[in-house]
Each structure stands twice: as structure tokens, then as C-alpha cells.
Amino acid sequence: MKIGIPKALMYYTYYPLWKYFFEILRCETLVSRNTSKLILDNGVMNCVDDACLPVKLFHGHVVDLLGEVDIIFVPRLTSINPGEFICPKFIGLPEMIKSSIRGLPDVLVLDYNAHKNIKNAYMAYIDTGKRLTGSSSVALKAFNLACSKQREYDRLLKQGKTPLDILELKREHNAGNYKGVVGLIGHPYLLYDQYVSMQIISKLRNMGYRVVVPENIEDACIQRACERLPKKLFWSYGKKLLGSGLTMLEKRMVDGIILLSSFACGIDSFIIELLHRYNQRQYKIPYTLITVDEHTGHAGFNTRLEAFIDMIEWRRAHEGHLSPYGASVSGG
Amino acid sequence: MKVTFPHMGQVYLAAKGLLDDLGVEVIIPPPITKKTLEIGTRLSPEMACLPLKINIGNYIESIQRGTDTILLSGSCGPCRFGYYGVVQKEILNDLGYDIDIIIFDPPDTGYREFIQRIKRVAGRNSWLNVARAFKKASIIVEEADELLEIGLKKRAREANSGETDSRLYAFEREVIKCYGSYEILETIRKYKGILESIEEKTGVFPLKVGLVGEIYTLIEPFVNLNIEKKLGRLGVEVYRSLTLNEWVKIHLSLDMGYRLHHRRILKKAEPYLGLCVGGHAWQTVANSIHFSQNKLDGIIQVMPFGCMPEIVAESILPRVYEDYGVPIMTLVVDEMTGEAGYFTRLEAFIDLLEQRRNRTGEKKPSLSGG
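Protein chains in written order, with my numbering: chain A, 13 to 344; chain P, 803 to 1172.
There could be a bad hint or two in this list.
Here are the simulated lysine-lysine pairs, DSS-like style, with alpha carbons at most 27 Å apart [claimed, not checked]:
#: 1; chain 1: P; residue 1: Lys-891; chain 2: P; residue 2: Lys-1003
#: 2; chain 1: A; residue 1: Lys-142; chain 2: A; residue 2: Lys-170
#: 3; chain 1: A; residue 1: Lys-128; chain 2: P; residue 2: Lys-1003
#: 4; chain 1: A; residue 1: Lys-128; chain 2: P; residue 2: Lys-1069
#: 5; chain 1: P; residue 1: Lys-1003; chain 2: A; residue 2: Lys-244
#: 6; chain 1: A; residue 1: Lys-110; chain 2: P; residue 2: Lys-1070
#: 7; chain 1: P; residue 1: Lys-1070; chain 2: A; residue 2: Lys-296
It is worth saying that the hints were derived from the structure and are not from the lab. These numbers were taken from a predicted model, which means no experiment stands behind them.
Only chain P is shown next, with the shape it has when bound in the complex:
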């Protein structure tokens, strides 16, 4: 069995660590490029959302490298993601690929099925081994997110511009050669130290911008056209709302403290949206309020074109702006998004935030120069 999985930001680190530890042969799909997107767009339904198309691209590129099994997580609606597995399997079938897709739906739909599917992947590993591997994978997720967060802080303050990105690039090149969760973790920790030691400019007060929106778009840099990098280079400190680590903590771990914290943030959305409409719309609204209360300078919502839950959030966000006064911009990405226009909008938004801050004079003017 040669296993692959779709890309989503740092997922590949945890997935590789997990599968390596279980002794399953794993093929990491090549990094997402324009070509991946092209393959995906050609083979997928026209109106499907962007993540599905990129997943298909990932699969095909992995299949060309010899994969025979695909792992995918699932859900039970109402967001379309819950039906990805079925549609993708039909597409691959019609293309003539004989591929297994193992979908991990949340266990509340039936523990037996869930356990059986884990067994199919884990093979002859003992349950203790499986549990240990999962635990390690969750540590990888946590530390990888911490690494990226150090990057976000550093990028807005680095003395030599581009240094953070070149270190992170080196990290990606190195970590891909690792085997097993131990080596991956070691590499992450090493690069955490390297990032921490990047020299900072003094007297810089970066603008603070929060990112909210659909989780895949937020986490996968190719899809959001490297929004974190772009903002960082403009001298903006980025705050992320949805991270992999958070997702794991809420959905897979038993960390009650964190769940309570999460609920408290969700509660803030009550006057605007008091229930789950699928996807992460509720979180989008709640986190926008959370960011506004914490005096961020601006908020950017990112979503794929046609994302059903985020459209609900998008129509509510103007009211959050009215009540809290923190500007919110929505960026929609799809396979047609051009980088130049996208960047112009980002720049304009940041200019606006900067002028706004200078006018209100709440904080010292940014020395980052812009």
C-alpha cells in the first residue's frame, strides 16, 4: 500500500510523521503549483469549490508517482467538504484509475466504521502504537504551527528583508527528507531556534491584521497566494484565526480547557450568528469580533469562490464593522485569481489602515516605511 493525501498547509508534516511511524509507505504529493491547479480544474466539476480541484490535482500528481490509496478526512455536512470523497472517487474512476479512497468521517457517525478504517491503514500495528503515533503527530502539528507563528512575528520586523522566508524555505527543503516523527520534530525545533535568532529592527510598530475565513484557504499558502508572506513583507504582523493546531485540539484531543476557550470566543458572535451554519462561518464571525476587541488594525476574510458557509459570514461582517469599527475586507480566490490584482487590493487595504492609524494617532506611526 502506497498512501497519499491531499495537501493543506503543514498537514504533510504530521501525516508523514504519523504514517512513517506506523510503517506505511507514504508518497507526499509534490508541492502545489500552477500545474496542479490546471490538472484539477480540467478534471473537476466547473462549479465545485477550489479545494476540491486542488485535491484532484494532488491525487493525479501522486498517482503519477505510484500511489494506490488516498487518505481523506470527511464531515457530515452541510458544507460540501463532506461529500468530497465520493465525488473525487467517481472522477478518478471515470479516468480509469483503480484507487482506494479511505475517508475518515468524524466518529459520531459510527465508531465501528471509523475504527475499521484506521485498522485498514494501520495494518498490524498495535493500538498502543497507533495511539502513540497519533500523539506524536499532534505534537508535530502544534510545533509546526508555532514555527509559522514565529515566522509571522519575525517577518514584520526582520532587519534584512526576506531573511525569514529564506529560512522557512530552507526548512521545507530539509524537512521533506526526514523520516519519522522524531526527525521531523527535531528539524522543526532546530528551525524554531534559527527563526528566533533572526535579527529584528528596533522601534518598529507593525500594523496588526487578523486573517479569518475558510480554513483550507487560510492554511494552504498556494491557495491564498501567500497572503501571510505578502502581508509580512508589507510590514504587517499577521494574526491567524484558524490553525491546524486549533482544529486538532478542538476536534481530536480531549483538551477541555481549550474547548471551553473556543466556546467562549464563539459566544461573542451570538448577537450576529448564534449557530453553526457549516464550515467555519461561525468562527469567522466570532473571530472577527475577537480580533476587533483586541484592537487589531484590520481584518481580512479569505474564502474560495462559492463557499456556501462563508457567504453567510460575509453578509454579516459589515455589521461587525459597524459595531466595532475595525475595517474588514473580503478576498475571494478561485482558479482565475490573478496575483497582481490581488496584491493591489492588499496594498490598498494596508495603506488605508496605515492612514487610519496615523489619523487617529492611537499608536506611534509605523517606522517600517511601507
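With the rest of the complex left out, here is chain A:
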């Protein structure tokens, strides 16, 4: 059986797990091609207008797999940590796909829900494995092996690599000489999709900057940083983005922070607001928000990126030489 894995949404987070899990179960996997204009257009055509870019892209990637695979893998990631959610659209994703795309082959839905108990979530994999092979013991074994691969991947991420380096580029980037560090915060499905993110990581590296991404930050730090919130943040990725942003600010790990968000992202609208306000009040580190949608053009994007980098460099060069006259030259 050939399983199609759309290269969108949680692909960049869980690909090793999925790949090895299906391979050990002796299923062939096919990942959809890299995002292109065609895939994006297909996504836009097959999805409701009001959905956000990542969800449209997921539709596009599913369309890309049509006709080439026997079954398409659509994970329903309701919750990846107890008491937390990801996003309502992730929960309804299989339903959205089923009602929006015509001529769909069988859909393999993985009901991953750790909201009450993480064990329920593991059972999702066992059930899926059982559906494919008919044996839960084989599935359990495959899941354990795949998990160890996933842990290895996560460990590499914590060492400072980005998912892109591991999954796509496969070559070491020169981490030696760099002018500064930029914190790049955004959902994995935006940051590591070369088409949507306009290769922001490579562009920053070519400008001589090292990039720190949320995947590089230890979970414990994220957890600690989020404790200042008066109410538990119930979006796992919201927490990850806000927590890693705050960690970067607190530890002075970065010279500037770039937030990459997709237009009308519900969770980002709150996370960005909070991070922005905390930064304004306490840390005052250069900060910019770049919003992408299906219309974004390279030129405007590059201009903003260059302007931001210029700002960081000017700040470093002239910060000590500001005229003392007037109170708020730096906007404080």
C-alpha cells in the first residue's frame, strides 16, 4: 500500500516519526512535492476562501497526491499535550479535506488527542498501525522504533539545526562567522516551507546572520517563560512561539526578532500581541512582523527584511551615540 503524506502543516515536526512508522509497517510512503505556484493555486481553488494560508496549502498538497497513492494520510492533531489544543482547524482538518476535495482516495485519519491523557494519543498510532497491518503488537513495535527516530530528530533540533537543514538541505551551513543572531519565530509549516517563507532562513544566512528558531529552544525554558502568564495558554504552538520568543528575549540570545505569520492566523493574532507588548515594556529588542498570504511578492518581502537587518546594524553601530536631547529618540 502506498501512503501519501502531504508536505504541509505538521509535516516539518513529525515527518521522521511518520516516515519510519509507516516504513516499519512495510508501507510505501510518498511525500507530496515541494510547494509551488501550482500547489498553492490548487489549494486556493479547493478550499473555502476564509481559511488561512497553511490550511489552503494542505489542500493543495493533498491534490498533488491524488492519483499517485492508494491512501492519503491526514492527521487530526486535536491536542499534543494534555490540557492543550493546537488550532480548531487542525481538529476539523479531515472533515474539511473530505468535503472540499473531489475524487479523494481513502483517507487515513490519525486521531491524535492527548487532551485528557497522553496514552490516548499513543493509542491512535497503535490503532492506525492495526488498521494497516491487522496486528497491534506489530504496530506497537513500529511505534516504539519510530519514536526513537523522532527523538533523535528532536535532539538535532535542540542543538541548533532547523528542520529544513535536516529534512531538505542535507548540508551543513557555515555556522562559523556570523554578524549576529536573528530569532525567527513562526509556525513550522510557515518557516520551513521554502515557497511560503520566501526562503527567509537562507536569505538571513546569506546576509551573514545565524538563525534561531523555536525548535531550538528547550521545552523547559518555554514552559518557564510561559509561567508569567496569568492564565494557562491552551494552544501548544502558541505556547511554543510565545515561550521561545520570551526565552530569546530574556536570555538576550538574539539581536532582533522576526515574526512570520500567515494572514488571519487566529492564534498568532494573540501571541504576537502579547510578545510585542512584553518586548516593548521590558526588553526593547528590534522586532518586526511579516505577514504572508497567497499574494505575497518577493520584492516587498526582501525590502522589509533588508530594512530590518539595516536597523539592527545601525543600532549596533550607533546606539551609544544618540543625541541626549529629546526623550524618546529610540521610541521608548
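Fit chain P to the given chain A structure using the hints.
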């Protein structure tokens, strides 16, 4: 302590009754206007959903009238509403307002916290008093919804056009002067009688249209640009799916019969969406099916721009239409929505329904004239 709360349709009646009974001084925010929206839009995150912006507008206008405490209900996700309180507090803090926001999260996250928060508001009232006040408030909610529902029936059939609306307007003017749940209830009951006595045209068979979608947008007339009134004036009888009364019955009361009924409706959505994705998406799909089975002429989904759960429902609704054959239209509102374009879409949809009904000839043609 001078307490305020955000507007949401008829909530202010129940909230005022409740707080008056508890002896808490309450400031009702002025009715939502373009200015409220303007204030809210200016101060809120750009991509936040519309209810948050209007809430902020309500707060600021109440603060200008002397409020120092804000009451807000909460939830625990995945819908953004659950985090409103935190973000709103940060916004007000940065503006330099020293305001308390008391958030009532559902008690399943911790009864102690919930009880403490009630105590903070209720002060020295006995628990019996608090329970009594809550009970009265829930009766207000129920009767106020009944009042509006009479309005929906009457508006589509009234002999003198505009009469229902002018009576309801008089009600709003009168009820705002009341103090305590007793007076509020009396006023509601009086106007129920007045509405009932409105003269009807005979031989009218109004089109029946169901409203589904996000609860705030459905309940707050300013946000949905008075969709119920507009449809009523077009001679359409409106059926509401989410009402305050229903919300109270499901979430706060122990009415098991009603909960079972609610579950039965939700079950209808099973083939399309079998679980809660947050907000009211599940209800939207289920109620659309429910309305279709009850042979309504059309369904309109209303939601604020970027509402995460409703987008899921929106993408499923075309399949409900395919299977049941009742037309469904989605209207998205945000701070940019223009009234003219919105009304044109409504009119076009109603024209379409009317033609459809004439063609199929299932019912007698409408005499409302349109």
C-alpha cells in the same frame, strides 16, 4: 466597586438583574455604535476577531463612565475567546487604566477559583442570595429570548410595517431604567403582551430562514448588522439556532431533558463532523441539518472574519446542501463590512429562495409582496 461587562445582545438584561439583586453597582456600557467599534479597532490587535474589538470598545466607553471592574466569562480553548481576558487586560494596562478583570472560566478548571471569583463579586451576600439571583437572571434570559422570538414571528406578518421594531425600541428604552430583576421581568412580560397584540396580515406565508453560526455574531444585532430585523422587513420569518437561553440551559443549568435534546441535534452532524472543534462549529453543522430536515427555505451562516471554528463548518456546509437541498449562504462580518453590500446579498438570497419556492410550488406563494 463599579462593575461593567461587555455587551452581547440581551445579556445586559440578565447581568443587570443579577448584579442589582446582589447590590453591586453596575454600569451598563452604552449601546454599541460605530464609535464603539472605532475605539475597539484602534486599540486591538489587527488580526483579532471582531468580538474582542467590540469588547474593548465597550470597556473604554464604560471606563469613561467610571467603571473599575470588568466581568467576563471565559473558556479553555481551542477558540480564541478563552484568552480574551488576558489580552484585553494587557491592552488596558498599556493604556494606563487600572482595571480589574474578573474572568469566569468554566468551573471544570477548578471549583475553588470559580467560587472565589463569585465571592469577589458577590461580596457579603449569602450563598442563598447568590443562588436566588442567578435563578432570577436565568429566568430573565429565558423570557427575554421569548420576547425576541415573538418579535421574529410578528415582524414577518405585521400589518403596519415597522410596528414590531418600534415596540421593541420602546422596550429597550424602558427596560434600561429598571432596577432589579423584578422590575426587569415585569417590563419584559408587559412588552410580551404588547408584541402579541400586534395586528397581523392574513393569508401570509413567510419564507422561513434559519440563522446558524458564531454565537456572538448571532446574538449581538450591531455585529450582524441587524440581520433579524432586515430579514423580517423582507417578510421572512427567522429561526434562531443559538440563543442565550439555550446557552444557559446547556452550560449552567441542570436541565437534563434539554441537554439530551441538544445532544440529539448534535448527533445529526455525525456523518459530517462528529466532534467539537471549538466554538460553535459543531452546532452550526448540526443545526443546519436540523433546519433542513424541518423544511426551512434557506439557511444563513454568520461569522466574524477569521473565526477559526466557523471556517471548519463553512467548508462542510456545501456537503450538507448537497445532501439536503436547502440553500446555505455564508456571511462574514468584520469592522469593514458595508451595510449596502451586505443588504444586497441578503436580498438576492431571499429573492432566490422565493423563486425557488414558486418553482417547486410546494407551498402557496408568499403574499407578503417582497
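Honestly, which of those hints from before does the structure not fit?
-> 1, 2, 3, 5, 7
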